[in-house]
Structure formats: C-alpha cells, structure tokens
Amino acid sequence: MQPQSNSDDNKEQPFTEAYWAQQTPSDQLSKLAREANRAQLALIRACCPNGDADVEHHAAKISVRLGITRGEALRICDIGLMLRRMPRLAQRAESTDSLTPRQLGIIAHGTCTIADEQIHAVETEVLELVTPSRPRQAMIGPRSLTNKIGDIVAEYDD
Numbered sequence: 002m003q004p005q006s007n008s009d010d011n012k013e014q015p016f017t018e019a020y021w022a023q024q025t026p027s028d029q030l031s032k033l034a035r036e037a038n039r040a041q042l043a044l045i046r047a048c049c050p051n052g053d054a055d056v057e058h059h060a061a062k063i064s065v066r067l068g069i070t071r072g073e074a075l076r077i078c079d080i081g082l083m084l085r086r087m088p089r090l091a092q093r094a095e096s097t098d099s100l101t102p103r104q105l106g107i108i109a110h111g112t113c114t115i116a117d118e119q120i121h122a123v124e125t126e127v128l129e130l131v132t133p134s135r136p137r138q139a140m141i142g143p144r145s146l147t148n149k150i151g152d153i154v155a156e157y158d159d
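With the working numbering as the guide, the letters of the sequence shown map in order to residues 2 to 159.
It is worth saying that the hints were derived from the structure and are not from the lab.
C-beta: ideal position from N, C-alpha, C; glycine also.
Wrong hints could be hidden among the right ones.
[Unchecked claim] Simulated DEER-style distance windows between Cβ atoms:
| # | residue 1 | residue 2 | range |
| --- | --- | --- | --- |
| 1 | Asp55 | Ala139 | 18 to 28 Å |
| 2 | Gly68 | Ala122 | 30 to 40 Å |
| 3 | Arg137 | Val56 | 32 to 42 Å |
| 4 | Gln92 | Glu18 | 31 to 41 Å |
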C-alpha cells in the first residue's frame, strides 16, 4: 500500500503501514524511478524466452534488436526466467515498481541453481528481504542483497 499525501500543504501525512521510500507519491524523482522500473519489467517480460527456447540463441537475437550486449541480453533473460519460477516475487515487483533491474538481476543470479522443489521456500525468504517493515524504509542495497541471497541459497544448497 502506498502512503497518502496531503494536497493542502504538500507534506506527507503520517502513514503507519510499511512502504519503501521510493513509493512516496509526492516525490517526483521516486515516481520517475518507479516508472523506469515498470518499463524495464515490461521489457524483461517481453524478452523472456519460451520454456523450450535455446536461451543463448534467443539472447543473441534480442541483443541485436535492443542494441545491447549479449551478456546484458542474457541477464534480462535470466531475470525473466527467475520471475516465472517465482510468481509471488514477480507480483511484488509489478505491484510496487520498487525493484530495480539490478536488484532483480542479483536475485536471479543468486537463485538460478535452486532446484524446482526448493524454489517456493527460497522465494518466501527472498520476499521477506524485499518487503518493507516500516514506513518510508530504504530498499536493501546491492551488496547486502547479494550477501543475504547467498546466505539463503546456502541453506538449500545440496
């Protein structure tokens, strides 16, 4: 849920539910960042290969179409495939627009080796990392996210 803004004096009303700082509706810079995240998420979904596609070949094709490196195209594909495996995380990313492609890439990279039978449990723990616990909370940074994802994956590593 997003905080309410007071249009009379343009100050934030007290809001007791947890939300990410970049979800503050009156902050125009945060609004632009959320819009960029939303657009990137749409691109990731559009570029995600079908289940039986050769990911390397698919990435090579989309890299030309997007004017990006094959490595970046592979990262986009990896994020899309991860979001398919973690539908609750995908829903969170779509509903908040607060997860950046970098953060999604860290999660995708860190969880790609998790077995299908363990992915739901891992997703639950990842969701805890990307769920705010207080109003106007700063999003977890890349280094902390990488470390915490590594800790989660280590619990399930066979």
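Against the structure, the hints:
1. Asp55 x Ala139: 18 to 28 Å: Taking Cβ atoms as reference, Asp55 and Ala139 lie about 40 Å apart, which means the hint is violated.
2. Gly68 x Ala122: 30 to 40 Å: At roughly 39 Å between Cβ atoms, Ala122 and Gly68 fall inside 30 to 40 Å, so the hint holds.
3. Arg137 x Val56: 32 to 42 Å: holds (39 Å)
4. Gln92 x Glu18: 31 to 41 Å: violated (18 Å)
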